[in-house]
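Asker: Chain residues, written in single-letter form:
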Amino acid sequence: MTRHAGAPGDWPATTPARQTCSVNCGSRCVLSLQVADGRIQWAEGDGAVEEGDQMRPCLRGRALRYWLDSPERLNAPLRRVGPRGLGRFEPISWDEALDEVAERIRGVVARWGNEAVLVPYATARWTASGSPFERLMNCYGGHLGIYGDYSCAQLQAAHEALYGDDGYYSGSTLDEVANADLLVVFGANPSLTRMGGASGAWRLEQMREARAALGLPLKVVSVDPCHTDLMSRAVDEWLPVRPGTDAAFVAGVAHVLITEGLVDEAFVHACCIGYDAETMPAGVPESEGYRAYVMGDGPDGVEKTPAWAARITGCPSARIVSFARELAGARRAFVTQGWGPQRTEHGEQSARAVCLLAMLTGNLGLPGTNSGTRERLRRPAIPDESVGDNPVGVSIPAFTWSRAVEQGEALTAESAGVRGAERLRAPVKLIINHGGNALTNQHADINRTHRILADEGLCEFILGVDVAMTDSARYADILLPDLAQSEQAALVASGNSDGVCAVIDCESWDHPAFERRGAWDVARELARRLGVEEAFCAEGSTACEVDERRWEQGELAGEAGAHEELGARGVLRRADACSQVAFADFRADPARNPLPTPSGLIEIYSTRVAALARERAQAGISAPLSPIPAYLPAREGAEAACERGMLQLVSYHGRQSANSSFANVREIEEAVPRRLSINPIDAQRYGVASEDQVVLENERGALVCRVRVTPRVMPGVVSLPQGAWHDADMAGDKLDWGGCANTLTSDIPTAWSCGNAHNSCLVRLRLLRDDERARRAKLQASRDDAAPGKGEGR
Amino acid sequence: MTRLAIAINLDRCVGCHTCALSCKMQNNVPEGMLWNRVLTQNCDVVDGAEGTYPNVTRTYLPVACQHCQNAACQRVCPTGATYRDDKGRVEIDYDKCIGCRMCMAACPYNARNFNWREPVRVTGASYGDAAVPERHKGVAEKCTLCKERTDLGEEPMCVVCCPAHARIFGDLDDPDSEISQTILNRKAWTLLEEQGTRPSVHYFD
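If you read the sequences in order, they're chains Z and W. Mapping of the first sequence onto my numbering: position 595 corresponds to residue 595, and the numbering continues sequentially without gaps. Mapping of the second sequence onto my numbering: position 42 corresponds to residue 42, and the numbering continues sequentially without gaps.
Hints are computed from structural coordinates only; laboratory data are not their basis. Fair warning: this is a prediction, and the values are worked out from it, not measured in the lab.
What the simulated footprint calls covered on chain Z by chain W, stretch by stretch (three residues with Cβ under 8 Å from a Cβ of chain W suffice, anywhere in the stretch; the number is not a length): (1) 38–47; (2) 219–233; (3) 665–674; (4) 680–691; (5) 710–721.
No farther apart than 25 Å at their CA atoms in a straight line, the calculated lysine to any residue pairs in the SDA-like style are these: (6) Lys147/W x Pro16/Z; (7) Lys778/Z x Val122/W; (8) Lys219/Z x Arg186/W; (9) Lys187/W x Arg208/Z; (10) Lys137/W x Arg666/Z; (11) Lys187/W x Gln206/Z; (12) Lys187/W x Glu209/Z; (13) Lys147/W x Gly47/Z; (14) Lys137/W x Glu670/Z; (15) Lys219/Z x Glu50/W; (16) Lys187/W x Met207/Z; (17) Lys187/W x Pro217/Z; (18) Lys187/W x Arg233/Z; (19) Lys219/Z x Lys187/W.
The following label-pair restraints were derived from C-beta to C-beta distances: (20) Val122/W x Pro594/Z: 51 to 59 Å; (21) Asp85/W x Tyr169/Z: 47 to 55 Å; (22) Glu134/W x Gly38/Z: 15 to 23 Å; (23) Gly32/W x Ala318/Z: 42 to 50 Å; (24) Gly687/Z x Thr52/W: 13 to 21 Å; (25) Ile681/Z x Glu134/W: 47 to 55 Å; (26) Glu422/Z x Gly32/W: 58 to 66 Å; (27) Lys734/Z x Leu191/W: 41 to 49 Å; (28) Ala318/Z x Leu191/W: 34 to 42 Å; (29) Lys137/W x Asp455/Z: 49 to 57 Å.
Idealized CB from N, CA, C, for every residue including glycine.
So that you can see chain W by itself, here it is in the shape it has in the complex:
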């Protein structure tokens, strides 16, 4: 089996938000949406900090779809539009999506966006990789682990774009892969482990 995943080195992440922008460009993500956001741990504002002045700390936390092995979104989807594919990615079949947004309620990572209206782009036209399917009003969308790139053996855009080289992409089912080794050696963790979703995206420092 193959289980494609990303591991993120939080020590290296400088919070530059390049992954957020590159992802948006690559995947033709419309105005008002991001598939990939850079949060600050335990903060309700972008680029915040924890603690009380002057004793503060800050950890950036890039969050997109966690590509869970036990994906809550998939379990609640009434039409099978959300599915896990043979490479371990959680994907959406936009033709099957009926816009019920059960998935959005179920996802503990708030990773999904919904097209409440026909998508709008400031440039007036679509952009991004032409192989990425367009989404229309009434469907949910989210990170696909750059399906169109990873199908061709390339790395996801957020991985190749990172100026701080904070991301590792690879196959969790290959114990010798860089990502598997890193997860093991650096004692990587996943977000909200207690939810039992078993995410493929890992974090380490």
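Only chain Z is shown next, with the shape it has when bound in the complex:
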């Protein structure tokens, strides 16, 4: 709608521009930006359709103006001056910048080969997962590939072992909750992580209301170190467990189920291998099965009683017992997990163990049940931008790139999950980081990673392409200013968490562009300089032509009149396919519909993991791996926390930002301050009160944050929203005043899937000291004095 022509105020009438925010939150909500004088004056949401299918943006989408106009926005191409990583730059022309980048790419490929070029994990440009720079490199001989992600690498490996697929698209849809009387949630908080109007928060509420309207019960049990926002009804129950101990909790529950005869043995015997004598794979003794593990008949000889589980998890044994009975007594239980529990040192074990609860109670493959994984994601209605084929067939786990920079050829298939080769042929010498903040901020162990990146003898050149001076952008040698997705014309599919199938025709609008350029055009310019422009443009010579190709390949393209409807209305939306139950076909007839596992059945005992453990042992690599979902104590887990007198840190997705996108917006911080949650018992022990500034520290680093004292977090655990922008004097004390959790987290990959174990992190806590405050004040004063235009990040 166009509003208020001639109204009082300093700016003229607004014109609407249809857009989305396109960050990595799982939703693509519809925004109607009200634009005047080249600025977003305010934002209307999705008002085009009846309420149910609206994709209403959350507070972050509403804050788009603050983000796009932030002082951190990049306006001109920059070249680094001074040591790498200290964030000092000088402006240069586009021609100079592009010539130099092309020259560096050419030089590194000539000397080290294409395998030395890395396009790391990056999710800030999310309409189309493929980056034009990835396409550029694929046209120019390829680059070192990455596989997996920072979201759920451990869960993918675990799910693969159990069910034979990565778990993204095989869980039940949330609509199935309407058929359940018990919802069991491990480490998931859809009310917070999926706030978009078509996403989990709203859909779960609809399920609850649907049950209530029919007079049917729906109890929610949350197994989590924190009391989540999902817990909003009197009947809901919180079972606190220490981070990383989910598998111990499950073993305690399994003990009750077994000893009280509550296991659905008919289901387990028909559909699973590796549980008891009847279901062991050939050549594997019964003592290696899960039942033997729980009953103390396994190699460790320890019976996993509720009391045993209580000691490890911190959850009282009486509550473990009552939960087990409740789960077994439920008519239908929907067991699900978020991605927090698996983001631990033995997250593959946690992830598999949660799924086990669905199997042992037969709550799988029937209406109202789930496989124990996260609810089913939705594939985008139009495919990602094509990046072409990568002629370099070698890839590494996404999280291990800094080791590929540091150790290069030492990374092997056995030790580091290298695929496509026995070992890397070259270290990473050139990085193209487009729309990503995972070089430092969203990676791990920032101080160690800083040392790797700052060493110009290791990685020779870093190209940064971004909209803002993020912490990762500060490591670029050449830094190019991108247009935000929300400023450009593009076809955007509804998000993988949205409960609708939609395509949004996003409009460009009149905004001050300074010297910013869209990434597609920049990559094409580089392609021209590298002599591969023709190949680069094979599927379209502009971003719009590429979008046309994507539309043609999308699921709605064949529908008569769909294209016209998209043109006329700007948003094409269809109700999502109805409810889907995970593995319903398999349950109905396991012989006819086998799973893609080696046995065709659910592998509680994974022969693949057993083989992997043997390979590692033969290669002389000690790695704690278990073929069954046994509990394995972590180096930085609950037991170590007690022994060392440290706190366990959970870093979770807060409301303030989508990963690090929007984390620099002060207006959001005003509404929802970013705080470290600490239990009143610990607050008393450490002598801190709400709003106190404290230092969290460990052997890797130290950060400053403010405290919120609340019983919402269990004693011994502190929780901090991740994504805050790292802000430290890297030439000085490295104390992170931004409060970025990854100053503290470890970058050691997990033993099995080489994933990120951000939630296995031990910390100490103390009050901030006056000398630290004084040092900061002095640094701030010197920053304020720094000449403008030198690109001091913030």
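Chain Z is fixed; fit chain W onto it per the hints.
Answerer: Frame of chain Z, contents of chain W only:
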């Protein structure tokens, strides 16, 4: 008569604070202020919980001006700057406000902000609906029930933006309106009833 009001379903509210942000954007609310805040019942921190670990409960409580029928702020205003208009909204005439802040002392809901200095905006310029009047140093400000929108028959921003569809907007004087029916059927209540302010904003679960 017309008595415009909002009723908020606390069961649906997930505490996302979208209403706080949208309101700020719509109404050009300056740095350091919110017209619309999401509190947690009986907590002194944002996003807290009640009770003792591990037996805790939590209820989010979005609070803005309650548009009281017996508005304490209006009764103490010495200049008539604060008034109830013909649609039942409590509004401020910024030209008449002398900055005495009696209203802020009187309001039991802490719904008002004061411009102690010339308002500052991080973006360096005003934003929001151009029809919303600018406020200057020395005046009080608060939720207007999106006067500029509701005058045109639109719903307030906090109502249309809510991703959880937790808010209902309508006329309390129309017994058949959705809001009147909901208040009746869901046994809605008002905040601090004992203060006798008779708020128009209702809550239910």
